[in-house]
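Chemist: Chains as they are written, first to last, in my numbering: chain W, 162 to 696; chain G, -13 to 96; chain U, 802 to 1323; chain L, 21 to 184; chain X, 96 to 773.
Since the hints were derived computationally from the structure, they do not count as laboratory data.
Please note that a few of the clues may not be correct.
What the hints assert, rightly or not - Partial list, computed: chain U residues near chain W (C-beta under 8 Å):
hint, residue
1, Pro1200
2, Leu1212
3, Gly1217
4, Ala1232
5, Ala1243
6, Leu1246
Unchecked claim - Within a straight-line C-alpha distance of at most 20 Å, the following computed EDC-like cross-link-like pairs (lysine to aspartate or glutamate) qualify:
hint, chain 1, residue 1, chain 2, residue 2
7, X, Lys289, W, Asp175
8, X, Lys289, X, Asp726
9, X, Lys289, X, Glu201
10, X, Lys289, X, Asp239
11, X, Lys241, W, Asp648
12, X, Lys241, W, Glu643
13, X, Lys289, W, Glu572
14, X, Lys241, W, Glu572
15, X, Lys289, W, Glu643
Stated by the list, open to error - Simulated restraints on C-beta separations:
hint, chain 1, residue 1, chain 2, residue 2, range
16, X, Glu723, W, Gly359, 16 to 26 Å
17, X, Ile169, W, Ala190, 33 to 43 Å
18, X, Arg715, W, Pro615, 43 to 53 Å
19, U, Leu854, W, Gly248, 24 to 34 Å
20, W, Arg361, U, Gly1219, 38 to 48 Å
Using N, Cα and C, we set each Cβ at its ideal position, and we do this for glycine too.
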Amino acid sequence: MTDSLRTAVRQAVDLVPDLGTWWLALALAPLLLAAVTLLAAGRWGEEPGYRSVRTVSVGAAILSAVGVAGTSLHRPRLELPWIDGLGVWLRLGADGLSIPLLLLTALVGVVAVSLHLHVPQPHRPEAPDEEGIATTSPIPVVRGTDVPGLATYHACLLLVVLGALVAFLAGDAILFFVGLELVLVPMWVLVARYGDPGARREGAALRFLLVTVVGSTLMLVGLLGVATLVGTSDLSVWAAQGGAGLEPRTQVVLAAILLLGLGIKVPVFPLHTWLPWVHSTAPTAASVLLAAVLLKLGTYGMVRLVVPVVPDGFSALAPVLGGLGTVGIIWASLACLVEEDLKRLVAWSSVAHLGFVVLGLSTGTQTGLQAALFGNVAHGLISALLFVVVGGLKHRWGDARFTVARAALRETTPHLGAALVLGMAASMGLPGLAGFWAEIGAIYSAWAPADDRPDGWFRLFAALAAVGGALAVAYSARVLHEVWSGDRLEPRVPDAVRTERYALRTLGALVLAVGVLPMLLLAVTAPVTELVVGR
Amino acid sequence: MIRPALPYLLVAVLAGLGVYGILARRHAVLVLIGVELLLGAAGLLLVTVGQTTTATDPAAATSGQVLTLFVITIAAAEVVLALALILALFRARGHVDLHADLDPREEAAR
Amino acid sequence: MTLDLNLLATLPVLVPLLAAVVVLVVDAAVPGRRQPHLWLTAAGLLGGALAVLPGLAQPAGDARGAFCLATGQCLYTADRLTSVLQLTALAAAGVVLALAWGDWGGPSRTGRAPVVAALVLGATAGAAAVPAAGDLGTLLVALELATLPAVGLVALADPRWPAERRARSTEGAVALLMTSLVSFGLVALGAALWVAATGTALLSLPTTRDPVLLLLASVFILAGLGFKLSAVPFHAWTPVTYTTAPLPVTTYLATVSKAAALGAAVVLVRALGEVDETALLAVALMAALSMTVGNLVALVQVDTVRLLAWSTVAQAGWVLLPLASLSSRAVHAAGSYLVVYVLGTLLAFAVVVAVAETRGHDGGGAGTSLDAHAGLLRRRPLLALPLGLALLTLAGLPPAVVGLVAKVVALRPVAGDGTWWLAVVAALNVALGIAVYVRWLARVLGPAPVGAPEPVRVGAAGGGAAGAPARSGAGTDDEVRPAGGEPQGEAAPPHTPARVWVVVAVLTLLVVVWSISPVGIV
Amino acid sequence: MLFVAVGLLTAGSGLLAVTSRQVLHAALWLVVALAGLAGCYLVLGAELVGLVQLLVYVGAVVVLILFALMLTRSGGVPVVTGPAQRGAAALVGAGTTVLLGGALLAGSGWGAVQVAGPTNTQVAEGILGTYVWPFELLSGLLLLALVAAVAIARTPTGGREGET
Amino acid sequence: MSVVDWPDLTWSDLQLPSLPALPQISIPGLSVPDFWGAPMQWLVLVPALAALAGITLSGRSNRLAAWIAVGGGIVTWLASLWQLRVLLAVDGHHASGSVGPLPLGELDVPLGLAVTWPLALVAATVATVALVVQVYSRWYLWYDPKYPAFAATVSVFTAAMLLTVVADDVILLVVGWEVMGWCSYLLIGHHSTKTAARRAALKALVVTRTADVGFVLGMVMLAAGARTTSVSGIVEHWAAEAPTRGLVLALVLVVVGVAGKSATFPFQDWLPDAMEGPTPASALIHAATMVAAGTVVLVHLFDLLAVTGPARVLLALLASVTLLGGAVMAFAQADLKRLLAWSTVSQVALMLAVLAAATPHTGPDAAAEHLVAHAWFKALLFLATGWLAVLVGGTAMTTVASGARRYRVLRRRFAWGLLALAGVPPFVGFFSKELILGTAESAATGSGGLASVVVLSAVGASAPLTAAYCMRAWLVLDRPTQIEQHAVTYQQEPVERIDDFFDEPQVVHEAEGLERAESAISSSARSGTTLLAAMTLLGSLVALLPVWRVDVHLNLQLLVATLLLMVVAALAVRLAARGVRTRDAAARIPARASLAAERGLGADYAYRLLVATPVVALARAVTWFDREVLDAWVRGAGAGSRLLGQAGELLTPRRATPALALVLGGVLVLAALGVVSR
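Throw the hints in and build the complete structure from the sequences for me.
Modeler: Shown next as structure tokens:
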């Protein structure tokens, strides 16, 4: 049965024409063009209407997704000299490491641009009264008809997706960095201008910008160090050399700088404090993109730029990294236990999940690496799902606190409720959903790390990570207990609107599919991880 | 025959005096005097080097004295401009005190 | 004695210098005219720029020499990097001229125009001569040639200004002059020490050398250059002079002078060869201090010019950063960074000038305050977008990729060299710098300034706002609107002269094109 | 020994020039110091430089300075900075002296060498031959400095112009 | 002293002799077409797909959901039978693949499935009970708008349990294990508008998942040692060498996990609370699935457990304590459902106890057999209780008193269930318990060591206790009523079967008073319970099947002594109940003690004190630290740079000469630095 299925799939794939590098163009150009058009259109003359803005941006995102899909199928490579003085080439291409993340980015991009922009209320609701009932009256979901600056908003979303795609496609270290930086300003605008005004959005946006810039610049320093020592910034050459000819001491320094920089992006434990605030402030679509795509850039960077490039340095620092990842798991899970803001809670849980990813990475085994890459995609899907739900709830409730009395989702908004249940279940690492394989893989690989890792420590990490899993259950159950189940029917809020439903269904189906059929992803990444660890 | 150490010592002393003069004075013209001493030190050093080292290269041989001449001339040009400015300052402010506040930041920084 | 003159190579310097003389002569012949001098200046600068082109076209590693000795050493050497710096200086001077046209070409009883024109030409010639200097004498003279006229420019304030304002600009000039005098003393002493150390005034790689003296010499000279670059701790004049000088002159100081100073540093570092590492520590310290102090202080400024002044201090650190690791690549990296910096700064100043002009031309602080830029995107998108690009260029963030690439270029030698502490300091300063520029940018993107102290919501304004036509079509999220009256920017429709538009457009185009394809960097 | 005498004279008058509280005295001591410096040049065998020093400095610069002093009567403002800054200045000055002296003496030692400078003809050839390029630039510089100085002097400055 | 010279019997002597011929009956060389896969795949896939279909297709239609759920249950049930047949054909071991193998690098993850004899029977039992529960819940939740979700969850639950049963891969064990935990959360909290139900669900999830930390880690350790996740591979690897510390630790951790899921001390408290769930869910959770999963897992790993002393002792101690404590607690409950819950705690501990006691010589199958037996009678008891609860409006002892008298149709069901639970011959419980007793005794006298001795004594002691609470329940249920005559009259009349599976059942209060119990239940649900009741008797035959890998000698003295003890206990209870109005023997217990027992002896408080409060306190500390220390650095960097900026602004010389001092001082410092560092 499987053979005939495979044949059918192959034949279907063969039907897709190989457009070569045009696939890459299709993946990137629509986003850029649409973004520029939207930016320009909002500037002079009448601002374009709601319908045309959405059509343009969703269309561009879908076109780009098609391009990404084609790129993933045919894996074209583009090589053009770009900055000759630096020896930087426009090297774009997809491989096993990046394809899952590219597809994730494209999908999440479509989801993000199709979500309606909600105009935040300039005034915060008052504190709940004595009866603990929120004074927020139900807010109709704004469909963006009269939202000012909608074109700019969509342009920024598209640019964020564009930057992430460039970073994932980049075959050159500097280009990767450029992609990483490309997302910053649009994201800053998204948070600062369209964020929650009650949460000091300018401050949050600035914090995001500065902290991530520190991270990426530190990473740049490391990249330049490697580039100088290796003599090129071509990532394939880096990977092929595998640290040959680099002094172990130098490797350690380079790995430390790179990991520090990327650790801020991920974010790894003591560098994570920016994340909850930004998430609780950003508009829903930006939160979705931030969690599902931007955080992945950090872990992807670790796999791409550190593990194979400075293996000795990485292995020297791996215990520290793994330890921080583990502390992050416990830390963030504990924070989730007492967090009162739903969006912040989901953000915290991101920290915990990425802790698993980092732990898997640091073990230096192929199992760990596979688990980490899987975890990357899984967290992307799960967090996107959760942020769509939670963002939607925030719009409806007026804020995201869930400790005040709200109507039980199960009774009043079953669609959102079901999605929340699914997301929380996946978030706690329930088998059959995407989160499980990453978690169990990380724990396993930490228990049986590579030969040059200190066993004792990593086993401790494994045990702590398992405890973190239990804490995840506790906080997920807490959320469901408070939000999903209950007998309150007031204040009634509307259920998911159509776009939300589509988004939630797509993401939910993927969470389930990836959880049930993990080899869909594992098979794609396996050849690459074997190469990375194989040396 | 001469001991180069002696002019070198003088160079060091003059430079020190010039620096002191620049820093210890608030009258613009007196600061200028410090600068002149500093330049004098530079000139003396150039001349001493030019006169006590033997160089076959004519460009190198003359460089000491030629550079001194340049320095002297540039100093003259500077003094001209400086004095014009000092006069302008005096006309504008009624003093040539370099210790007066120059920075109008109070107006900018509210 | 044989000397290969080859005056053709020196045209980038000679043409502006001769133009200066011509301007003076013309003024002597036909006094009282203004426009011809400015046109002559433009012609001189253009001629100089054209004369640079052959130098640009030569292959890497080649150099055009003039006044060459029999030994093959030249007192004037222009390779590609030199030519780039010369072109930068000349072009920047051209932009400054365009910005200042109305000011300098304005009515004046004192025949200021020819003097100013001559001074600009002379200083620019000096700036063009500095990077090509082949010996200490030329270096000394060219540096002063680039500096002294600039001091004059600061002092020669617009006579239409109020007396107090002009007095202040005199003070700024005095501050600049005093610092420049002292720094000249240091450079002269350094030059003398250099001669003492190497036995020659020629800036070729010396064969015999006294390392301690050479070290002292390079530190002294670097200090002198640090003043011109406004590197910490030689930066104290910068905020004073920048804020007191006329805006175009400030622009000049921020761009052309920097090109000259970097040219000198490049010459010096090249001559130092690949040995003197302690001098490099001095450079590294200066770089690290400059960017940190500059960014930190810029962070709290409320005036755009002062902010730019301190940002210049910070950027000086970036320019010096690559020089902390001695290599040909480092020198080129510094040059590349400088070019991008000049581009960004020119664009920023152009917009600042344009905004300030619409706020009344008193040269006071009101027109250049950050508040004057609030809501610029809504009010004047055609100025706000270039300004945003300029700020992002300086900050090093996409979409101004060129700024990002410049940062990469500047960091690369240091990172490649393994000077990690410096690289990390620089990395942190990227963030600090972004904080500086984004603070400005946020104002530009943010809501327009509110006339009334108390923001009143649209609905509440009710009848009062009835007179004002609703601007909702303009596409802004006007959460708050001025309660009464129109926003300040709307009251007097801005009329920015065409030359400013041209400058802004050309510079913007340059940034955009260069961002798409950063050719020629390094 | 001749140099010791001239040098002591120069150094002493230099010291007085930077310490004298009388503005005019300071300027006059500067004259002496610069003249002493010219003497040093002569002793070192650089006659041309010595003469130029005498002419340009003593003849022109100092005269200018004196003029300026006359024109800008200090009007009660103290001419020296406070004791703290003076202390710091002394420290920096002494440091400079020590640093320079140490470095120079360490390089040269106490030994005596033959004075073997170029002849005046050679110097002249140097200026107008080898160093003709900076010389050209220098002429430009002088011209522009003068023009600027004149322009500044002519420009009506603001401030208390009317009051004084 | 031997009173009578009892014959020395082995278990195989008692087993049915003819049945081994059955394999020959089946078609030899039954080739299963590849397309159809293996039945064990269907066992997992069908209920899972049914759940998916139920969720996605049924929408708000209870009818469609019921079709899908029951249809899935039937197919699953057929698959389980098919599995039995295949197993007969292939001689006791049948393996198959699933979605694997996974390319997980160094770790070999085949994700294989395999069934062996006792577990195939367990699977069949699970499938049967699940089907009955599905059918029953269609009736029980007829008016519930959330029925589709419930039915789908039950399907998933079934799939997960069956996966645990047929898994040959520790990862799959974990998958089934945790999915069950999650489903139990959903099922227990099904009435999510009830605060108590929500709380119980939360507690069940968190407690079991906390214990799962040990389970997951133990499994990971086992897999890590063997570099494979295949159960057979793991057993092979670890059994090859003498028990190491690693193996001991791994198994101890697994035992901890099992203890959590099986509600063994100290995790016992979630199970009685879980009675807040709908009764069909309770039946499913308690009878065949979740709590029994631990037994299944340990049966999988028995070859390792049997050689690992400390893990066995731990398991024996925990199970023995729970076995006795659960029985005592069951006796003291004032609610029939809670009584059954505590009895489950006790009975599951019994299964675990025998696993702890068993040696490689005796084999583990006594536990599996008791699992099967327990599934039959416990499901029966729960479903009957649910039925009764619908009729009388509650499950409190006072409410259900005389229930079996009033509703005669329930009488036989309760009676058989309780008899089986007490272990009275010839009900299924008797055989399984005797097998357990025999196993424990064989092990204790053999090479079983401390664990076996402990277990043997606990099992022996538990028999009268079980008998006691069964007797108590029966006495209450069977209390004569004043209107007994009416009930009898109605029973005589032909009962009108008005309902059908897909017709709306009669409104319950119509049945009330009329006491036409049959009319209150759908005929399908009713026949489900009938089936279960039959199985409590016929299940004995299953126990006698020769497929069980047990090699024990039956000590008839012990057997008779146990039976005697049970009789004595029952009589004592009867005696104690005399004179109590409700005929409730527990009324003799001091009020405070019974109240404490109802509250689980303060386990809740202990959990809160020992776990929840410290963790929450830690969490608050963490957030405080995060906000005030970690984030303070970032905030401080922002504020600090502004402050430094202000300072820099202030320190910047505003006068010319100090500025020059800065210049010259800077030079001096730089130069001196250079010279000194040279």
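Chemist: Taking the hints in turn, state whether each one holds.
Modeler: Hint-by-hint comparison with the structure:
1. Interface restraint check for U/Pro1200: the shortest CB-CB distance to chain W comes to about 7 Å, inside 8 Å, so the restraint holds.
2. Interface restraint check: U/Leu1212 against chain W, minimum CB-CB distance 6 Å, threshold 8 Å, status holds.
3. The interface hint given for U/Gly1217 is met, as the beta carbon of that residue sits about 3 Å from the closest beta carbon of chain W, less than 8 Å.
4. Residue-level restraint check for U/Ala1232 holds (minimum Cβ-Cβ distance to chain W is 4 Å; threshold 8 Å).
5. Satisfaction of the interface hint for U/Ala1243 is found here, the shortest Cβ-Cβ separation to chain W being roughly 6 Å, below the 8 Å cut-off.
6. Proximity of U/Leu1246 to chain W holds as hinted, the smallest CB-CB distance being about 7 Å (cut-off 8 Å).
7. With a C-alpha separation of about 55 Å, the suggested pairing of X/Lys289 with W/Asp175 is violated against the 20 Å cut-off.
8. About 40 Å separates the Cα atoms of X/Lys289 and X/Asp726, which puts this hinted pair outside 20 Å; it is violated.
9. Restraint check: the Cα-Cα separation between X/Lys289 and X/Glu201 comes to about 48 Å, which exceeds 20 Å; the hinted pair is violated.
10. Proximity of X/Lys289 to X/Asp239 is assessed by CA-CA distance (about 14 Å); at most 20 Å being required, the pair is judged to hold.
11. Annotation: proposed proximity of X/Lys241 to W/Asp648 holds, straight-line Cα distance about 14 Å (limit 20 Å).
12. A threshold of 20 Å between alpha carbons decides the hint, and for X/Lys241 with W/Glu643 the separation of about 19 Å falls inside it, so the pair holds.
13. A threshold of 20 Å between alpha carbons decides the hint, and for X/Lys289 with W/Glu572 the separation of about 12 Å falls inside it, so the pair holds.
14. A hinted pair counts as satisfied when its Cα atoms are at most 20 Å apart, and X/Lys241 with W/Glu572 qualifies at roughly 10 Å.
15. Note on X/Lys289 and W/Glu643: the hinted pairing holds, with a Cα-Cα distance of about 13 Å set against a maximum of 20 Å.
16. At about 22 Å, the CB distance of X/Glu723 to W/Gly359 agrees with the hint of 16 to 26 Å.
17. Between X/Ile169 and W/Ala190, the C-beta spacing of about 55 Å breaks the proposed range 33 to 43 Å.
18. For X/Arg715 and W/Pro615, the Cβ-Cβ distance of about 32 Å falls outside the hinted range of 43 to 53 Å, so the restraint is violated.
19. Range check, U/Leu854 to W/Gly248: about 26 Å between beta-carbon atoms, so the 24 to 34 Å window is met.
20. Separation of W/Arg361 from U/Gly1219 is about 41 Å and conforms to the stated range, judged on CB atoms against 38 to 48 Å.
Checked against the numbered hints given earlier, the structure breaks hints 7, 8, 9, 17, 18 and satisfies all the rest.
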